[in-house]
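Protein chains in written order, with our numbering: chain S, 1 to 350; chain V, 1 to 221.
Worth double-checking, as some hints may not be accurate.
[Unchecked claim] Covered stretches of chain S, going by a simulated chain V footprint (3 or more residues, C-beta under 8 Å): (1) 93-107; (2) 163-171; (3) 210-218.
[Claimed, not checked] In silico DSSO-like cross-links for lysine-lysine, where the CA-CA straight-line distance does not exceed 30 Å: (4) S:LYS170 - S:LYS103; (5) V:LYS58 - S:LYS268; (6) V:LYS162 - S:LYS38; (7) V:LYS185 - S:LYS296; (8) S:LYS179 - S:LYS214; (9) S:LYS170 - S:LYS242; (10) S:LYS242 - V:LYS185; (11) S:LYS263 - V:LYS161; (12) V:LYS141 - S:LYS103; (13) V:LYS185 - S:LYS298; (14) S:LYS172 - S:LYS103; (15) S:LYS131 - S:LYS120; (16) S:LYS179 - S:LYS116; (17) V:LYS168 - S:LYS293; (18) V:LYS161 - S:LYS298; (19) S:LYS242 - V:LYS58; (20) V:LYS161 - S:LYS242; (21) S:LYS267 - S:LYS293; (22) S:LYS296 - V:LYS162; (23) S:LYS296 - S:LYS268; (24) S:LYS267 - V:LYS58; (25) V:LYS161 - S:LYS293; (26) V:LYS58 - S:LYS263; (27) V:LYS161 - S:LYS296; (28) V:LYS185 - S:LYS263; (29) S:LYS16 - S:LYS330; (30) S:LYS179 - S:LYS217; (31) V:LYS162 - S:LYS293; (32) S:LYS103 - V:LYS162; (33) S:LYS330 - V:LYS161; (34) V:LYS161 - S:LYS103; (35) S:LYS38 - S:LYS131; (36) V:LYS170 - V:LYS209; (37) V:LYS165 - S:LYS293; (38) S:LYS214 - V:LYS58; (39) S:LYS170 - V:LYS58; (40) S:LYS217 - V:LYS58.
No lab work stands behind these hints: they were computed from the structure.
The model shown is predicted, which means the values in this text are computed figures rather than measured ones.
Cβ atoms here follow ideal geometry from the backbone N, Cα and C, with glycine treated the same way.
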Amino acid sequence: MAELTPKERVLRLLRKEPIDTMPFFSGMGMVVMPGIEKSGYNFPTVHTDAERMAWSAIWSARLMNFDCVVIPYDMTMESEAMGNTISLYADSEDILYPTIPNKIWSTLDEVEIPDKIWEKGRLPILADAIKIIKENAPELAIGCWQLGPFTQAGQVLELDLMLKGIFKQKEKVENILDKISDMIIDIGKWLQASGCDYITLREPGVAADLLSPKTFKNFIQPRLTRILAGWESPKLLHICGKTEPLLAMMSECGADGLTVDIKCDVKKGREILGPDVLFMGNIDTYTMTCDEKTPKDKAIEHIKGMIDGGIDAVMPGCDLWPAIIEENMKACVDTTHEYGKNPSPAVGRL
Amino acid sequence: MASKEELIEKLKEGVVEYEEDTVNEASQQWLDDGHEALEGIMEGLAAGMEIVGDLYDKQEYFVPEVLMCADALYGGLDILRPHVPEKEGGPKAQVVIGSIQGDVHDIGKNLVKMMFDVAGWDVHDLGRDVPLENFVSEQLKTDSEVVAMSAMMTTTMLGMKKVIKMIKDKNPDVAIMLGGAPVTKDVANLFGADGYAESAGNAVSEGIKMIGRLREYQKKD
Ligand code: B12
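With the rest of the complex left out, here is chain S (with noise of 0.2 Å):
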């Protein structure tokens, strides 16, 4: 039996084709401070530049042996390229990711998309960056990823006026929610003609822990749908926080694998779900690989725990924390390929 690359590995997974074993990857960024070290760049500097963003993904795929890089790494481009400053906190000893300190729109009204989004601000860096991506490292994966509707309306207004329009300005909100939906399909498609292998739409702002199932139902799955349906696969669905009471409703929005946190239970998720619907996660991104205190058999019966709960690839359940615990991080990546040799219940194996 052949091994696969990573790569193979992956959209194999992805089309529910027979693997060699259990790829580890992921939706959502996976840059770790090793590779960014290794890379020779510092935190600040690698989302702004299509060289290092490029490097520092490569090089923490490859000192991991991680299946995928991801990129990019913030969740502030799109608002930036509307318009908005963001603290990259260049001077900051600790690692912080970009925000937006004050967003240039302070009511409902006023959003409005540039055309050809994809030109602007820091965005076309990521064309340059999955170019660089593919000719140095054929072998790895290349992921991308969207924000969904309401969490992107969150980094452009404040999320308390999305919130509370729900209610009050229901026609407003759901005006916005289909520019942006409009916008999220424009910079996939563009993705994904710029070469990337999978996207994942993340919607983590809309959980049971935050919205009403019956509020995700109404506002939130008919744009997830839309989206979805308008992207190539391979393409992810990707939420954080309470989800088992959406599952079943996630796994109608038209994506090929759906992705979990670990406030998930995955068994659970497993039986909402049934055999042959892609699922996966869920690695506590903190606990497991940047808390000191974890030791490493830990680590292990955390990843041999999902495995058995029936997932079909390891993911992180969030973007990884860039300071991992090396010996840690190799634990779950390395207990993944050798424990996941035996089929999982949507793909088989070579």
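Chain S is already provided as a structure; the job is to place chain V with the ligand on it using the hints.
Frame of chain S; chain V with the ligand shown alone:
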């Protein structure tokens, strides 16, 4: 004319049903009828918010509803608060509050702030993504008894430890309170904070207890 009990009901219900107009009218009526403002705040608005907290815990309400209830409450508070005589407002205290650097999560922080507002504290809200030094300088400037910090990410949480050290070095008498989803009582202890509250509901009582504890401690010295 509505009786006192009816007005209290209206204030409560108005908050629970997030009807800003009802709350505003009932608050004005309350004052016009000559009732004590503080009683209206505590038995009406705050009692309403307590019910909202229960509904949230039971997952009948979600965050959007809670935010709208908070708006209704603030409407009433703006009308009633100016009529609370200084000394009646309980232990008049000041708090500096904010979400720590790198953290733009502020929904929870704003709810905690609301509880301090209800309780009549002077609240100095630094907003979110607050540079660490700003907590220190604002505390010194306002001489606040309490500094309350919110972190929603395990990683930004670490900044709070630095702030605690910076504040305690300059001014050991300040009571520091932490909160936010990844923060636990153990973490708060470990970082050297004086208090912790799991939710907005008990933030204020924890604040008062903290000040009490510090005062006793100082007396012993
Ligand atoms: C809404 C949200 C956002 C919004 C924030 C909008 C805003 N204006 O606040 C947006 C979309 C911008 C966002 C962005 C991000 N988020 Co976010 N977000 C959430 C979410 C879904 C809900 C938080 C919330 O508002 N809850 C509702 C309020 C009412 O509850 P609360 O905040 O816990 O507050 C209560 C208590 O904690 C307490 N409390 C809070 N503060 C204080 C302070 C004091 C002094 C006291 C006494 C008490 C107290 O009282 C409050 C009321 O009872 C959570 C998931 C979750 N379920 O928590 C993730 C979450 C917090 N986000 C997370 C992450 C990682 C991010 C991002 C890095 C991107 C990402 N990968 O998702 C960015 C980073 C942004 C940044 N730099 O800060 C993670 C954090 C993981 C971790 N443990 O480190 C979470 C847990 C999601 C997850 N499972 O991955 N997010």
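Verification of the hints:
Here's how the stretch 93-107 of chain S fares: 7 of its residues keep a CB closer than 8 Å to some CB of chain V, so the rule of at least three is met and the hint holds. Restraint check on the stretch 163-171 of chain S versus chain V: 5 residues with Cβ-Cβ distances below 8 Å, three needed, restraint holds. Figure legend: the stretch 210-218 of chain S, annotated as covered by chain V; annotation consistent (4 residues with Cβ-Cβ distances under 8 Å, at least 3 required). The suggested pairing of S:LYS170 with S:LYS103 holds, with an alpha-carbon distance near 22 Å, which does not exceed 30 Å.
Restraint check: the Cα-Cα separation between V:LYS58 and S:LYS268 comes to about 21 Å, which is no more than 30 Å; the hinted pair holds. A threshold of 30 Å between alpha carbons decides the hint, and for V:LYS162 with S:LYS38 the separation of about 28 Å falls inside it, so the pair holds. For the given pair, V:LYS185 sits about 25 Å from S:LYS296 by alpha-carbon distance, which is consistent with the 30 Å threshold. Only pairs whose Cα atoms come within 30 Å are accepted, and S:LYS179 paired with S:LYS214 is accepted, the gap being roughly 22 Å.
Note on S:LYS170 and S:LYS242: the hinted pairing holds, with a Cα-Cα distance of about 24 Å set against a maximum of 30 Å. This hinted pair checks out: S:LYS242 and V:LYS185 have alpha carbons roughly 23 Å apart, not beyond 30 Å. Restraint check for S:LYS263 and V:LYS161: satisfied, since their Cα atoms lie roughly 26 Å apart, inside the 30 Å limit. The suggested pairing of V:LYS141 with S:LYS103 holds, with an alpha-carbon distance near 28 Å, which does not exceed 30 Å.
For the hint pairing V:LYS185 with S:LYS298, the CA-to-CA distance comes to about 23 Å; that is within 30 Å, so the pair holds. For the suggested pair S:LYS172 and S:LYS103, the alpha carbons sit about 18 Å apart, so the restraint of at most 30 Å is met. Between S:LYS131 and S:LYS120 the alpha-carbon distance is near 18 Å, which keeps this suggested pair within the 30 Å criterion. With a C-alpha separation of about 13 Å, the suggested pair S:LYS179 and S:LYS116 falls inside the 30 Å cut-off, and the hint holds.
Under the criterion of a C-alpha separation no larger than 30 Å, the hint pairing V:LYS168 with S:LYS293 is consistent with the structure, at around 27 Å. A C-alpha spacing of about 26 Å is found between V:LYS161 and S:LYS298, which places the hinted pair at or below 30 Å, so the restraint holds. About 14 Å separates the Cα atoms of S:LYS242 and V:LYS58, which keeps this hinted pair within 30 Å; it holds. Using a Cα cut-off of 30 Å, the hinted pair V:LYS161 and S:LYS242 holds, with the two alpha carbons roughly 29 Å apart.
Pair hint S:LYS267 plus S:LYS293 holds up; C-alpha atoms about 26 Å apart against a cutoff of 30 Å. As the CA atoms of S:LYS296 and V:LYS162 are separated by approximately 28 Å, the hinted pair is consistent with the 30 Å bound. A distance of roughly 26 Å separates the Cα atoms of S:LYS296 and S:LYS268; the hinted pair therefore holds under the 30 Å criterion. Restraint check for S:LYS267 and V:LYS58: satisfied, since their Cα atoms lie roughly 24 Å apart, inside the 30 Å limit.
Restraint check for V:LYS161 and S:LYS293: the C-alpha separation of about 18 Å stays at or below 30 Å, so the hint holds. Distance restraint check for V:LYS58 and S:LYS263: the Cα-Cα separation of roughly 18 Å lies within the 30 Å cut-off, and the hinted pair is therefore satisfied. This hinted pair checks out: V:LYS161 and S:LYS296 have alpha carbons roughly 26 Å apart, not beyond 30 Å. Distance restraint check for V:LYS185 and S:LYS263: the Cα-Cα separation of roughly 21 Å lies within the 30 Å cut-off, and the hinted pair is therefore satisfied.
Taking the CA atoms of S:LYS16 and S:LYS330, the gap is about 26 Å. The hint holds against a cut of 30 Å. Among the hinted pairs, S:LYS179 with S:LYS217 is consistent with the structure: their alpha-carbon atoms are about 19 Å apart, no more than 30 Å. With a CA separation close to 20 Å, the supplied pair V:LYS162 and S:LYS293 stays within the 30 Å bound. For a cut-off of 30 Å, the pair hint linking S:LYS103 to V:LYS162 stands: about 28 Å separates their Cα positions.
With a C-alpha separation of about 29 Å, the suggested pair S:LYS330 and V:LYS161 falls inside the 30 Å cut-off, and the hint holds. The suggested pairing of V:LYS161 with S:LYS103 holds, with an alpha-carbon distance near 29 Å, which does not exceed 30 Å. Proposed proximity of S:LYS38 and S:LYS131 is supported: the alpha carbons are some 20 Å apart, at most 30 Å. Using a Cα cut-off of 30 Å, the hinted pair V:LYS170 and V:LYS209 holds, with the two alpha carbons roughly 22 Å apart.
In summary, the hint linking V:LYS165 to S:LYS293 is supported, as the alpha carbons are separated by about 22 Å, within the 30 Å threshold. Restraint check: the Cα-Cα separation between S:LYS214 and V:LYS58 comes to about 15 Å, which is no more than 30 Å; the hinted pair holds. Restraint check for S:LYS170 and V:LYS58: satisfied, since their Cα atoms lie roughly 25 Å apart, inside the 30 Å limit. Taken as a hint, the S:LYS217 and V:LYS58 pair is honoured in the structure, with Cα atoms around 20 Å apart against an allowance of 30 Å.
When each numbered hint is compared with the structure, no violation occurs for any of them.
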